[in-house]
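Spelled out from the first residue to the last, the chains are:
2 protein chains.
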Amino acid sequence: MTASQSAKKISASGGPKLAFRPLPVPQVDIRGFWGDRVDAVASRTADILYDRCVEARMLEQIDPDRPSPGVVIPFHSPSPDEAASQGAEFTGSTVTTQMFWDSDWGKTIETAAYSLYRRRNDSLERKIDAVIDMYGKLQQPDGYLSSWYQRIEPGKRWTNLRDCHELYCAGHLIEGAVAYYQATGKRKLLDIMCRYVDHIADTFGPGPGKKKGYCGHEEIELALVKLARATGEQKYMDLAKYFVDQRGQQPHYFDEEARARGTDPKAYHFKTYEYSQSHRPVREQDKVVGHAVRAMYLFSGMADIATEYGDDTLRVALDRLWDDLTTKNLYITGGIGPSAHNEGFTADYDLPNETAYAETCASVGLVFWASRMLGMGPNARYADMMERALYNGSISGLSLDGSLFFYENPLESRGKHNRWKWHRCPCCPPNIGRMVASIGSYFYGLSDDALAVHLYGDSTARFDISGRQVELIQTSNYPWDGAISIEVEPEAPVEFTLHLRIPSWSRKAALTVNGAPVDLDTVMGDGYAAIRREWRKGDRVDLDLEMSIARLFANPQVRQDIGRVALARGPLIYCVEETDNAGQLHRITLPRTAKVEAHKEQNLLGGVVTLSAIGSKEAVENWESGLYRTDPPATEQAKLKAVPYFAWDNREPGEMLVWLRDG
Amino acid sequence: MTASQSAKKISASGGPKLAFRPLPVPQVDIRGFWGDRVDAVASRTADILYDRCVEARMLEQIDPDRPSPGVVIPFHSPSPDEAASQGAEFTGSTVTTQMFWDSDWGKTIETAAYSLYRRRNDSLERKIDAVIDMYGKLQQPDGYLSSWYQRIEPGKRWTNLRDCHELYCAGHLIEGAVAYYQATGKRKLLDIMCRYVDHIADTFGPGPGKKKGYCGHEEIELALVKLARATGEQKYMDLAKYFVDQRGQQPHYFDEEARARGTDPKAYHFKTYEYSQSHRPVREQDKVVGHAVRAMYLFSGMADIATEYGDDTLRVALDRLWDDLTTKNLYITGGIGPSAHNEGFTADYDLPNETAYAETCASVGLVFWASRMLGMGPNARYADMMERALYNGSISGLSLDGSLFFYENPLESRGKHNRWKWHRCPCCPPNIGRMVASIGSYFYGLSDDALAVHLYGDSTARFDISGRQVELIQTSNYPWDGAISIEVEPEAPVEFTLHLRIPSWSRKAALTVNGAPVDLDTVMGDGYAAIRREWRKGDRVDLDLEMSIARLFANPQVRQDIGRVALARGPLIYCVEETDNAGQLHRITLPRTAKVEAHKEQNLLGGVVTLSAIGSKEAVENWESGLYRTDPPATEQAKLKAVPYFAWDNREPGEMLVWLRDG
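Protein chains in written order, with this note's numbering: chain A, 1 to 663; chain B, 1 to 663.
Read the hints as simulated data drawn from the structure, not as lab findings.
Careful, some of the hints might be misleading.
Note that the list lumps identical chains together, so a pair holds whenever it fits in one copy or between two copies.
As a list, the in silico DSS-like pairs of lysine-lysine whose alpha-carbon atoms are at most 27 Å apart [what the hints assert, rightly or not]:
#, residue 1, residue 2
1, Lys416, Lys287
2, Lys416, Lys211
3, Lys508, Lys271
4, Lys287, Lys271
5, Lys595, Lys508
6, Lys188, Lys639
7, Lys266, Lys416
8, Lys127, Lys226
9, Lys127, Lys235
10, Lys127, Lys287
11, Lys266, Lys156
12, Lys212, Lys271
13, Lys156, Lys210
14, Lys210, Lys287
15, Lys127, Lys271
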């Protein structure tokens, strides 16, 4: 079966009426703030990803009939400079091959796909076509496809789901396939992946003789939902649901699998199945635990299944997990997972700033999860958080020009945390690349009779609702300015509800429809204003959000932030950098009484709004006598200037600090 | 040559008149605060050290004619509980033998020696005698003595001074030998070590055919000075000077030695000879760098040589290094060496509290260094620091009952840093043991016509000056009280100068001699009051030091202490513990306006003065909505109670904090 044979099956058959699905990327044209970001990815990042992946020329040497582990070339070969910046253990000559390289290809193809839609790039398209051709050659007659297992560990497929990323890789190739199909209309990879998924569905599931397993690194679940939506194939959706439902059931699949391999399940490197959120069935989970990216991908898949099946048992679990994450385990930037040890969560309220892991992928994963919670209906609880992670902890991972990356996103730096060209575990660059390149799909949610506007910004969306084509044009300088004008242009009058998010950070919002004020109190629900009417050509909605500057304080149980304050304006979290302020940022105090002012700086960092204030600073003079003394330090005035967190480390390297001392 | 043959040679021949040498331990009887500490060591620690060392029975199996590496038993075998508390890599069955075990025996013998003087313990004395007998059997005909090189690496002696602690072990056995001789009058080990040192002097030195090396871990230098002082043998002093002078000279001995072993000097694990302070000649060093204990031992040896040879070039270098340590690289507790990585120094002003390494041995080493700086004359600059390290960062390493130990001495704990019974690198227990047991020798410095009183506390000292025997009796409840009464009891009238330290932490001091007030301004020099007179039986000096409570602030360049305040009273630094205060100590603020009061608590922690104040605390109520909000946290009153830092973790495990938030 190919995609074309089964298109649209699921929209006819399954899912509750109120499910809000994202618009496909090609249906939203992005300008303004996000337009610049997408252009950076389309013009720089997409090619960089391909070049870095292909440096290994792993795929070019494939001879599917003759597995040849001896000739594998490392997937990526950093320059000596980069190697040095990434720690001594990583040298150009000793990079090891990685079992999850197909996933990096999947995300690279996905980024390329969205970028090709944005900006024609014949050279890149030819190269991606060639990669797809090679995957086609690699695929085995029964549909199986894994460059690791076919070339490095032949004969061992499906023997270690816990550790070896086999279904995870399939998931990313599926996402790449769907994106490439949507962006280019080419279905070769989609057909390859459908054949592979058919094989997976024959191998796993509730039926007799099938394996009862699931992947140690979640991803296949949300990918199968995407594939089901793109192909209309209910079987794929059901397989996604199976993987979600089966996770953490007893007897534990990973135990049995380990014993089948002849190893002791207790010898598991990460000690606890919390690492992969398989410590208990998903509906019984109430704490976000383990590897942060895995958690986000699982919860994303769960949210999709909750949406598609109207499954409230999943929704209840997801709300508990959401509470746990957002009230105890979340950086103010939308970063998550403080520890490098498990790339994930530690203890409640443990949020170290300088050593924050806060992997770019984890924040991207939070965007995925939050966006999928919106599938169950517009709710600012999720959309505000999606916006927080989008504008801060995720895009901080990509330099403004699209060429350099962060893996960790700390909230404090002494000057040595700088962007790199690549990483020994290159998951983040293609992840932030594909997220940015597909940003249009996060703007809107479409149900049978409603459109939810989750994000604001200069853009044009096209969609069908109640059988009518509608164009929706946002004009705005968001996030620098809170004035948003929305023109609704249906081909013919059509009734539907327009849901408009009123962000919780905005202290005042004003809404008019065709110039007539709307009393927000009468139309608000879950943080969205709902306007139901018959929309006609030329209808115009104006929303004015007060883009206020806020001082933010952390729950006092967060010991690392006690006595500190962070600055925000609209959805943006700010930080101070050494280049704008004298060094030793720890000495700065922002008094409660200090006035904080916003300044539009057109020529700074691609055009940003900066914040300034007169703070104070401990003086370092007169300390000759020793390190400690009974006289408190004198203080002096300190002008401070803050820039959006996402834009840090795009100039001279230096110290950075989000949480200023509160005075 | 044995000790008896050459006694007193050096006091007749060498050294400047103004050298102040410590009194031997048996000449000072200690009561009061330090008496309790010494009793804990004599009644518990000394036996524990022996038992732990002998668990290995390494020495009992020695057959010096037949090196038998196969039968070596680990030097120490922790219980599973201890192993668990010390990290996963340390299990009872996989402890590796260690090349520096002779040093642990040396320090154990030294602790036992001082303890035997304090308190008769026939069983322990018999056991130590047996250990000494075994060392006698092990010693080779040419005098060489090393259980590691004789049993584990036969034939490789003197091939890796950089890494293998060979002279370091000799040094600690020398210190043990001197102590055992002084405490028991038994000279067997002293004679063994003299024979060994004669061999070392034949092997190393400026003469033709001798090796131009020195030890990677300093210790032999200060040990040789002790041996020279105990035996009067100038040759030992000169060898100490040679090791000091030779250090860091080019061509670099460690380079040449590595090449002679057939290894690349650049392959050195620690990358830089700063690790062992051999990166440049000692007189050219101006930064404290590398391994903190090594640095302290080197500087101690340098100070001894500066004292004995009147060498101002060394003194100038030592003062530079002292400045660097005390104005940029010192915890307020007298702890040093923030990093576990090199067990030593990092960057100026880098003093993390929770992750502070601040090894017990390093603080003990600072006591050693400071006390030896006093050899060049009384100077409160050094004595105040010696007192700081003594009362805080060093004895924090020993539980009040003498049975449990800290290796690291952080200034903040979340509750998981607790005392252990032993350690895989057991250097600290015998080091703090021997320092405490020999505390009397740190109280006084004796020159030809002066006695300096460096430390205060209930005690009796006996010494000869200008041919007269003198007894000096201190009566005091120091450090809990600042009133000190000193009776001077010469056998006959004798003129000498009595130097009395006026600690810099005391804001007011009053001094009387036989009831007559002394105008301190007229007698002060380098922080000491100097009283020269003919002392007669019954003379009495009264010193009253204001035991004031102080708030201490760190240089603002120490980012970890910015906006924080520490409490001190007299020489003691205080901390708050969870058991006396509610948890989440980070939430406490001590307002500048809060009155801090002292309370003598006879039944707490063996009798201490606690401090109390009414502080404030961020409330954790009303944070249901999320981790971050625009309303600052409400504050509530918080009664806080602080205990001396050295006494922490002697009750229920819990959080601990030295640096409180300053409000």
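Structure-based check of each hint:
1. Lys416 with Lys287: between (33 Å within a copy, 23 Å between copies)
2. Lys416 with Lys211: Close neither inside one copy (48 Å) nor across copies (43 Å); limit 27 Å.
3. Lys508 with Lys271: This pair counts as neither: shortest intra-copy Cα distance 49 Å, inter-copy 60 Å.
4. Lys287 with Lys271: within (17 Å within a copy, 44 Å between copies)
5. Lys595 with Lys508: within (20 Å within a copy, 45 Å between copies)
6. Lys188 with Lys639: neither (58 Å within a copy, 71 Å between copies)
7. Lys266 with Lys416: So Lys266 and Lys416 pass the 27 Å test across copies only (25 Å; inside, 39 Å).
8. Lys127 with Lys226: For Lys127 and Lys226, only the intra-copy Cα distance (24 Å) is at most 27 Å; the inter-copy one is 76 Å.
9. Lys127 with Lys235: neither (32 Å within a copy, 79 Å between copies)
10. Lys127 with Lys287: neither (43 Å within a copy, 56 Å between copies)
11. Lys266 with Lys156: within (21 Å within a copy, 43 Å between copies)
12. Lys212 with Lys271: within (22 Å within a copy, 52 Å between copies)
13. Lys156 with Lys210: within (17 Å within a copy, 63 Å between copies)
14. Lys210 with Lys287: neither (31 Å within a copy, 68 Å between copies)
15. Lys127 with Lys271: neither (42 Å within a copy, 45 Å between copies)
The structure shown violates the earlier hints numbered 2, 3, 6, 9, 10, 14, 15.
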